[in-house]
Amino acid sequence: MTNKKIVYHPIPPEIEILAGRHGNEPEAALELLKEIQTHPSALTTDSISDAARALKLPPHQLYGMATFYSMLSLGERKKVLRVCDGPVCWLKRATMDDGQQTIVQWSSKAGGQWSVERTSCLGLCDRAPAVLVEVEQAGPVEAEEAGKVCDGWRGTPTDYSEVRKGEVRVMTSLIGKIDPDSIEGAMANGIYDGLKKALQTNPDAILTEIETSGLQGRGGAGFPVGRKWRFVANEKRTPRYIICNADESEPLILKDRVLIDTNPHQLLEGMTIAGYASGASEAWIYIRGEYEYQARRLEIAIEQAESKNLLGGNILGSGFSFNIHVHRGAGAYICGEETALIESLEGKRGEPRLRPPYPPQFGFRGQPTAVNNVESFCAVPHIVKNGAEWWRSLTNAPTPGTKVYMVLGHIKNAGLFEAPFGLTLREIIEDFGGGMEKGSKFQFALCGGAAGTIVDKTMLDVPIDFASSQKGISLGAGSFLICDQSVSPVAFLREILHFFAAESCGKCTPCRVGTWRSLKILNRMAAGEGQKGDIDELKILAALMQDASFCGLGQSVAIPMKSVMEHFGKEFARAEGH
Amino acid sequence: MINLKINGKSIQAEPGKTILQVAKEHDVHVPTLCYHKDLSPTGNCRMCVVEVKGGRFLQAACVTPIWEGMEIETENEKVMKDRKLTLELMLANHPVDCMICDAAGKCELQDLAYEYQAQIPAWGTKGTRYPVNSDPNPFIRVDMNKCILCRRCVLACEEIQGRDVWGVAKRGFDEIIVAGAGVTMLEARCESCGQCVAFCPTGALSNKMNYGMARAHQVKKVATICSYCGVGCQFDLLVKNNKVIGVSSNPDAPVNGMALCVKGRYAYDYIHHPERLVKPRVRKYLLEGKRKSDIRDSIAEGRKPKVGLSNIESPWDWVEVEWDKALDIVAEKFAETRMKFGADSLGFLTSAKCLNEENYLMNKLARQVVGTNNIDHCARL
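Residue numbers (my numbering), protein chains in the order written: chain A, 1 to 578; chain B, 1 to 381.
Chain A on its own, in the form it takes in the complex:
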């Protein structure tokens, strides 16, 4: 590197115009970068520096973002085809290799004008194997069909209008019954009735109702929703904010996409009630960049709700005003961590913040903020409408209410369903999943999500809820990937680590190097080149990441690592070379 002569030049007009559209707001950094990427000037050191000047930010901040988010790339850009690398898509590929071959196949079939890249799970597990064509979701599609896909074919979307035996549908009750892009249809089916009822009572009563209902956050951690809102409501400072976490980037999880796709107004209603109860006036839906369809659907829904005065100023004459904005991410699993999400929303790299202070005290723009999952918000209108007692009466399990589950893998009827808490893995497979695929025998299941437990048949009859992780089987965000005898537990763990190594933000040492090192070991073991001591090293690394990582991402990598090595010690020992 040599120094270029530094000469002052004014900000090029095209970048000035793009930045000006966002009011030169630093918070718009991510949108601006995305726009420059598709603009002829592309993302280069020059255009990034110019954009930084326009936003009055240091250039390194924008450069850091441009190299952080997977949907942004430097240099001239071809059309991008992203091939999903998630564990479900991996299972669906006959070779179950490390993914390199698939990329090569897609590249050769797609033709020169396409740049084919791997991507972490796209949230299209029910349409596996899936790809993202620019921003359009496609699946199931195989590499042989690349030509068709490039010409506009998008595979077959899944249909969940048929109710499975044993399902209790609350949040998913209107799937297939309403046109998601029509507010009239939604209103005719009782959407926004909860909001109308809420606006007639006082905010404190709503908080109490949600607290009494025992609704727990559906993102995976299960924190009581009512308590979180109460924290925000009790903060003296205003404005307060509501954020919906729709950055559903964990492999195996697709419920938020389906909930938004089938009934966006239900989410808006839940968020508005949350705003009313906790005294917030503004809200953001942080949706992952790969869910462009869903983001557009939400924007349409917001517009419709505003035209009916169900959003905006003085909602239905109640004096309560509330606005919802949609913010698209740009490809980063870590942004599902609530503080990283807030950082990203503020126009920075999506790195987790120090906690405490927690978002209810110090959240978006440093103000009190409630961050909840899509599904949590979707449950709210039903609780307000039907009462906490009704919600509790839906199940006898310790966790009240229903949950949207996903069951995937080697079973007959993969997909999404809604049922009360406390199901066992056997019920999930046999009753809801229609049993194992023909010729398949249950070997293990990944429970919760990529950061969940991997269990063998000894866990088939343990009722699963937020507390069951103590017993060794986690609920997480409610997804279950069922694998048969054909899947090597070692190769499977490699896929999980592949994901975490790709998505680690790099902030803290244990996660940054630990995921990378674990993946190296597993690559070797899965290729039949295991060495003595590999298992011990994996165990040590897992313990370190769990104990000493900065945030939940690193801390939870150990969960699948430890559980699979515990249940499949023999397979690992064999891969080590014994």
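Wrong hints could be hidden among the right ones.
What follows is a set of in silico ranges between Cβ atoms, one per label pair, in the way DEER data are often shown [to be verified]: (1) Ala104(B) - Gly533(A): 23 to 33 Å; (2) Arg56(B) - Lys539(A): 48 to 58 Å; (3) Lys79(A) - Thr128(B): 27 to 37 Å; (4) Thr128(B) - Gly533(A): 22 to 32 Å.
These are calculated hints, taken from the structure and not from any lab test. Just so you know, even glycine gets a beta-carbon here, dropped at the ideal spot from N, CA and C.
Position chain B relative to chain A; hints supplied.
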């Protein structure tokens, strides 16, 4: 006051403090790497992890606030094991060249590896990922292979110097510290203050001017005050064999702490410079008792660069003289000018390189002896 226990010992501490602060106050050693007292704590490196009773995970002492009834273990088996392993993860990708590394002896990573007897793992990239000496900055040597991503440089540049040159790019294992939008430091508006070097705990950032000139234990540190301006920054001159070979920040400096500017930190090479003036010089014509008007023609000649070993002398040449002679000439010229054009035709410019007392005397000379208020000081420039 908050009651808590560190390693079984009951202590009281003020609310709002972190575990690390309380531990320091009570002489409990907790190792740190990304933490620096002058920078905002970040909790990145995870070296300062401690176990808090009842917690599911270890806590970083530098960022975790204390609470009532907290029970902290700073040196139990789990904590020590995790710290050692964290160090090993850093060492695996760090070059194994302590023998020739400029930072050896003052490297915090090396100290911790020694303290924890952390072995360098057989695996890892061993610092082969990036070009060595990768930036053309004239003062700062950059070797990102040695970087452990503690981000102190980023914070030093942002919080102390306010220049925002360094930043973090990419993610996961590929994460790297970059200048600006992936450009050279100078292109990223670096003013070469060297704050980042002073805060770097390893050899990733070092000084080019004295690279390879001395080990930390071979230099004598002499505390002094910077002579460039009136701020009064304190720093240590690094002296080896009676020669000043560098400057290092003194963390206890009352005025400036670790901070220095490019002049204070890097403009020390005049001290032993062969062209440095150590004796007064006057123009030859003055020694000959001539006036400038007498030699006007030869001035132009004398200003031309001398060619080769030419011995042609010009009355415009400099001649080394004794102090008395030089001062006599100055005094004579001053008196003459003052007589002819009045006291305000003279002006005095003093220097930050002189002592306060000397500057005071200069003030007396100007105002009382000569009789003019035309006096100023270079520190105002």
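Which of the stated hints cannot be reconciled with the structure, identified by number in ascending sequence?
-> The structure breaks only hint 2.
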